[in-house]
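Engineer: Spelled out from the first residue to the last, the chains are:
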Amino acid sequence: MNIAVCVKEVPSGTSHKRLDPATNRLDRSGDSELNPFDLHALEEAVRIREGGADVGEIVAVCMGPASAQRALQKALALGADRAVLVSDDSLAGSDIAGTAHVLAAVVAKQDADLVLLGQQAADADCYVMAAAVADHLERPVVTQVADLTVHGSGIRAKRQTEHGYDVIEAPLPAVVSVSDAINTPRLPSIKAIMGAKKKPLETLSAADAGVDAGQVGESGAHSVVRSVAPPAAKSAGVTIEDSGGDSAGQVVELLAGKGLI
Amino acid sequence: MAGLLVYIHHDDGELSPQSLGVLAKAASLGGDVTAFLAGSGVDDSWAGSLGGHGAAKVLVADDGALAGGLSQPIVDAIESPAREADAVLFGAGVVSADVAAGLAARVGSGINCETTDFTLGDGGAVAVRPALGDTVMVESSFASSPAIILGRANAFASEPTGSGTAPVERVEVTVQEWSSAARMAGREQAETGGVDITEADVLVAFGRGIGGPENIPVVEQLAKALGGEVAATRAVVDAGWTSYSMQVGQTGKTVSPKLYVACGISGAIQHKVGMANAGVIVAINKDVNAPIFEFADLGVVGDVLTVMPKLTEALAAR
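Just so you know, the protein sequences line up as chains F and B, in that order. Under the numbering used here, the first residue of the first sequence is numbered 2, with each subsequent residue one higher. Under the numbering used here, the first residue of the second sequence is numbered 2, with each subsequent residue one higher.
These are computed hints drawn from the structure, not numbers from a lab. It is possible that part of the hints are untrue.
[Stated by the list, open to error] Computed cross-link-like contacts, DSS-like style, restricted to lysine-lysine with a CA-CA straight-line distance of at most 25 Å:
| id | chain 1 | residue 1 | chain 2 | residue 2 |
| --- | --- | --- | --- | --- |
| 1 | B | K225 | F | K110 |
| 2 | B | K58 | F | K259 |
| 3 | B | K225 | B | K287 |
| 4 | B | K311 | B | K259 |
| 5 | F | K198 | F | K110 |
| 6 | B | K225 | B | K259 |
| 7 | B | K225 | B | K254 |
| 8 | B | K225 | F | K259 |
| 9 | F | K110 | F | K192 |
Please work from the sequences and hints to get the whole structure.
Structural biologist: Next comes the structure, spelled out in structure tokens:
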């Protein structure tokens with residue numbers, strides 16, 4: 002069994018996220034990192050292998066600018082055997098539909114029985130990629146999975162919905178997005194980080210990937226940003242640094258001031 | 002059938018208030034709105050009662066393959082009417098989001114997630130969503146139809162707009178083999194009973210930042226000192242640290258206490274939509290970049306296991 006893990010490069014939590022006023026696209030000039038939600042998908046792939054399943058290879062797949070190679074290096078350090086980056090100027094400005102089209106095209110070439118994704122991208126707060134990719138691939142999908150078992154020919158997945166928990170079974174090949182509760186991702190060892198540099202990282206153009214040029218990039222986007230405005234004003238909160246619990250007095254003061262205690 | 006098509010999700014016959022909220026909003030825009038219901042053994046008079054929530058017409062897809070509560074057969078069922086619509090609208094929800102995403106891929110449409118407002122004008126649908134940690138409002142239009150619009154949880158109120166009955170029309174359903182390959186093997190209903198956190202004036206909620214279930218007593222002590230109850234995030238419920246009945250957020254409860262103390266909670270959007278209307282929000286988290294600090298009234302950047310007991314102590318000393 003082979004596993005493909007779709008990953009994304011996102012602006013890192015420590016860099017200020019902003020939209021470029023000229024293009025209304027996310028400004029990606031600052032620091033970036035591997036989408037934190039994707040760490041759970043990579044970790045789950047490694048755990049499936051460690052759990053005794055016959056996993057041939059784990060391939061990390063990404064669409065993004067050239068800088069996304071760094072995110073893929075991390076994916077390799079975390080246990081992927083090889084990585085594929087689809088990077089092409091024509092892909093910049095792709096919307097969700099365009100991105101799903103690209104990921105599905107690349108995944109289709111990887112001979113993967115199980116496709117894993119994180120539950121959402123930290124920059125877009127969207128949780129729709131897995132179901133969109135699955136529809137392109139014409140494979141069953143289970144999203145937001147909190148507990149996953151892979152057996153010979155299928156998967157058993159537990160996920161939370163608004164009423165409680167669903168347990169869903171599906172045959173392989175299948176697409177699964179994992180919840181951030183499914184596991185605690187490990188940190189890569191120095192040895193794994195060094196070893197990642199020797200693993201294959203292939204970069205494909207949109208044409209190499211077999212992408213339909215009409216579906217991608219800004220010109221192929223079906224959803225178009227018209228304007229960006231500040232949200233309705235809200236009184237700014239106060240943030241204080243605690244040291245050894247010394248903030249307790251200030252918290253009590255605030256609560257007392259508002260008549261809450 | 003130009004116009005708006007609203008997917009109405011239901012869980013074994015229990016209509017989703019998120020879907021009904023989007024239906025009411027769509028109806029308020031003036032045009033004729035069509036509701037779409039999928040299931041097995043759908044009763045006509047039940048379907049027609051959606052007229053009381055703003056539907057001018059109800060399309061019913063009724064097939065054994067739609068009984069399981071899984072998204073992919075529903076994509077097959079809604080595809081054909083969706084292709085005729087200007088926009089297809091979805092309320093928040095796990096299955097609703099999966100249907101919206103699958104449909105967007107199927108018909109090659111743009112999809113707008115986390116939508117908090119939408120209109121339909123001469124140029125087609127326009128949708129608004131907060132983005133980048135809700136620091137900006139982004140307004141999007143669509144280059145093709147149908148536009149796929151997925152609402153944010155609790156963004157649209159589900160008040161009935163009348164007592165009318167809408168005409169019901171049954172649509173043909175052809176479910177593909179691959180889209181019915183997954184099956185529901187079991188369901189666990191949320192347990193009921195215990196404390197109703199939606200009634201509490203003070204909630205002390207915890208996330209994975211408290212380290213482990215062995216630290217829940219520290220949270221309980223703080224809640225007791227504040228005269229409140231304990232609540233939790235999805236992550237700790239999914240991880241089995243505590244029960245689903247205590248969960249706040251998109252797939253849990255929506256709460257609006259006078260005081261909400263968030264301990265070791267990052268404040269992801271799925272949590273925020275369940276508690277953003279609390280009177281005063283105090284957040285304790287070691288990560289200064291945690292989204293929760295964007296909407297907390299008082300944020301404490303520090304070790305939650307140090308701050309919680311000190312706070313309990315300070316409250317007891319008063």
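Engineer: Hints first: check each against the structure and report whether it holds.
Structural biologist: Hint check results:
The suggested pairing of K225(B) with K110(F) is violated, with an alpha-carbon distance near 57 Å, which exceeds 25 Å. Restraint check for K58(B) and K259(F): the C-alpha separation of about 50 Å exceeds 25 Å, so the hint is violated. Between the alpha carbons of K225(B) and K287(B) the distance comes to roughly 23 Å, so the proposed pair stays at or under 25 Å and holds. For the proposed pair K311(B) and K259(B), the alpha carbon gap of about 22 Å is at most 25 Å, so the pair holds.
Pair hint K198(F) plus K110(F) holds up; C-alpha atoms about 23 Å apart against a cutoff of 25 Å. Distance check on the hinted pair: K225(B) and K259(B) sit about 15 Å apart at the alpha-carbon level, within 25 Å; holds. Under the criterion of a C-alpha separation no larger than 25 Å, the hint pairing K225(B) with K254(B) is consistent with the structure, at around 21 Å. Distance restraint check for K225(B) and K259(F): the Cα-Cα separation of roughly 19 Å lies within the 25 Å cut-off, and the hinted pair is therefore satisfied.
Straight-line distance between C-alpha atoms of K110(F) and K192(F) comes to about 30 Å, which puts the hinted pair past the 25 Å bound.
Against the hints set out earlier in the document, violations occur for numbers 1, 2 and 9.
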